[in-house]
Amino acid sequence: MNFSATLRIALLALRINKMRSALTMLGIIIGVAAVIVMIAVGNGAQARVEAQIKSLGSNIIMVLSGSMMSGGARGGSGSQPTIFEEDATAMMREVDEIQAAAPTLRGAGQAIAGNANWSTIFYGITPEYLEVREWPIIEGRGFEPAEINGSGKVVLIGQTVAENLFGTASPLDQVIRVRKVPLTVIGVLEPKGQSMTGQDQDDVLLMPLSTARTRVLGVTQSKARSVSSIMVKVKEGADMATGEARMRELLRQRHRLQPGQDDDFYVRNLSEILQAQEASSKIMALLLAAVASVSLLVGGIGIMNIMLVSVTERTREIGLRMAVGARGRDILTQFLVEAVTLSLIGGLIGIVLGVSTAMLIAKLAGWPTALSAAAIILAAGFAAIIGVFFGYYPARKASRLLPIDALRYE
Amino acid sequence: MAALIQVDGLAKDYQMGSTLVQALRGVTLEIAAGEFVAVMGPSGSGKSTFMNLLGCLDQPSRGRYRLGEQEVSQLSSDELAQVRNRQIGFVFQHFNLLARTSTLDNVTLPLLYSRAPLAERDARAKKRLTQVGLATRMDHHPAQLSGGQQQRVAIARALVCDPQLVLADEPTGALDSHTSLEIMALLQQLNHEGVTIVLVTHEHDIALFASRIISFRDGVVVEDKPNTPTDAAALLNIQR
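Note that the protein sequences, when read in sequence, are chains A and B. Residue numbering for the first sequence follows the working numbering, beginning at 1 and increasing consecutively. Residue numbering for the second sequence follows the working numbering, beginning at 1 and increasing consecutively.
Since the hints were made in silico from the structure, they are not lab data. Note that CB positions come from ideal geometry on N, CA and C, so glycine has one too. Some clues are possibly wrong.
[What the hints assert, rightly or not] If you only want the chain B side, here are some residues facing chain A, beta carbon under 7 Å, derived:
#1 Y14
#2 R62
#3 R66
#4 S73
#5 L75
#6 S76
#7 D78
#8 A81
#9 Q87
#10 F90
#11 T101
#12 L109
#13 P110
#14 E193
#15 V195
[Unchecked claim] Derived, one-sided and incomplete: chain B residues facing chain A with beta-carbon distance under 8 Å:
#16 V21
#17 R25
#18 N52
#19 N85
#20 L112
#21 R212
[Claimed, not checked] Listed next, the in silico DSBU-like pairs over lysine-lysine satisfying Cα-Cα at most 35 Å (straight line):
#22 K18/A <-> K126/B
#23 K282/A <-> K235/A
#24 K18/A <-> K225/B
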């Protein structure tokens, strides 16, 4: 018998037993859809944490001004400016693990443009800052060396500042006054969204370090080269801990601290916090995957049961087909085609249902979801293999019976 | 007339637990083409086993079976399937139609297994359904038909591949007497058209419609005699 006739027989049998076909497919559909949705939710959560890591920049260590002992009284964090622009250049020069060190000077103030004004924070930076934070400029340009060295009256602005001061108009070449100093906007930064602590990272002004120091903040001569923090980026692949230890040693040397004396600076490894969060979201994703695989297993058992039952109850039908001239392999091909068709249609519906549910969850509940091709293939493949095997195996048993035994099967 | 069926020492044993049951203990007989044979006997006499062996639904333990030109006891299971498809038509006591399947599709079934082209399949199935008087019921499902109509569908299915031999296993066992008469009239008519029919029954008055009656008991033939068949169609006319 040729294949098209078998196909016809199998499709006819499926159409005739609509209820049975629908129930079999239901197991496959639910199994496949559940796996796709759960993996998508798990992966989405993980992707969100990874995006946060990326928005901060990866492999980052923060060095902050520490407390200083002064006459037996220990000052609080940042009570004294203890780190300097030169510390940053020394780190880059002497610690191999460090890719870039960006000294920054932080300030806050009212930014005024025309008749709009907005309270924001500003950072005096060097070009390394944008490299460390992996923060591209989407409009305009970055700082020229002359502007960095010569206290250029230029500023880069974040998305939030741009919207609040200029609305939809282009901020480029507009003038913002910060603490009465007029600065020309030369560029707009790419939006970064919220930080882990919920701060708006786009509510910011960036200006050359020298401009912030001399023109805006007006730092006193004695601490002329001090900065509020240094952001350090460790080279990709280098060991963070080693880099941190060598950097700490260098700073202690430069600050002439005796052994046993407290550090006069703080070191915070932000990536560690994020990595802990990433680890926990990974555990969640793993948990969801475990739940998904249980539901796939249950779905598989459902498919198996209904296949076994439906093929077994059709033993007499198999006997009749053999009596009117079906060979063993005709029976096998028919049941194989039936099982493959059910698995294929059920799998496809399951994929469509799973993908659309994942999208719906993303849209309605606002959860991030990330569809995974591997999960889709795995779920659909597993369901198909179960369906085909348990559709095939009892049919094979029945097709090996003598026709009379199949006909008399109770 | 040439022998259509030749069996020689045909025997069948079943293993039931630890005991060996000899259902058929060596049957030797010939059936010529065009005969209408009734196989009789009480239950356990081996008549059904004999029938299943004739129909190639079961394999004999010993003995030889020749159907037409072929030594059937030597064939592989695939070749047997082809023999059942081309040369034998079955009519069962409980009809064995596919449920929820139209009359036409039920009758087409054997043709699907004999690689008949689509157009030919439909034409042949329709011709046979018309022959058994069900031309207006082609789209009905078995559940929508009476017992007699279902058995007619089964007869149409048995005939659709133009077999030389029709095997009917208690074809009237599930039918009332009037419907039984109708079915027997149909079988007699087919026999007149040249189809060899072997009918298994335990009812004596049903066996009387055949032209030869073979009686089984305990796995052997105890009686084999010709019979002047009662005319089922004439009986039907009288009843009307």
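The hints, checked one at a time:
1. Y14: 11 Å, violated
2. R62: 16 Å, violated
3. R66: 20 Å, violated
4. S73: Violated, about 14 Å.
5. L75: Status violated, d = 12 Å.
6. S76: Since the shortest Cβ distance to chain A is 10 Å, the answer is violated.
7. D78: 5 Å, holds
8. A81: Holds, because the Cβ-Cβ distance from A81/B to chain A comes to roughly 4 Å (cut-off 7 Å).
9. Q87: Status violated, d = 10 Å.
10. F90: 5 Å, holds
11. T101: 5 Å, holds
12. L109: 6 Å, holds
13. P110: Since the shortest Cβ distance to chain A is 4 Å, the answer is holds.
14. E193: This interface hint is violated because 21 Å lies over the 7 Å limit.
15. V195: 16 Å, violated
16. V21: With a minimum Cβ separation of about 15 Å from chain A (threshold 8 Å), the hint on V21/B is violated.
17. R25: 19 Å, violated
18. N52: For N52/B, the interface hint holds, since the closest Cβ of chain A sits about 5 Å away, which is under 8 Å.
19. N85: 2 Å, holds
20. L112: 5 Å, holds
21. R212: Hint violated; R212/B Cβ to chain A Cβ min 24 Å, cut 8 Å.
22. K18/A <-> K126/B: Distance of about 26 Å is within 35 Å: holds.
23. K282/A <-> K235/A: 24 Å, holds
24. K18/A <-> K225/B: 51 Å, violated
Of the hints listed earlier, those the structure fails to meet are numbers 1, 2, 3, 4, 5, 6, 9, 14, 15, 16, 17, 21 and 24, in rising order.
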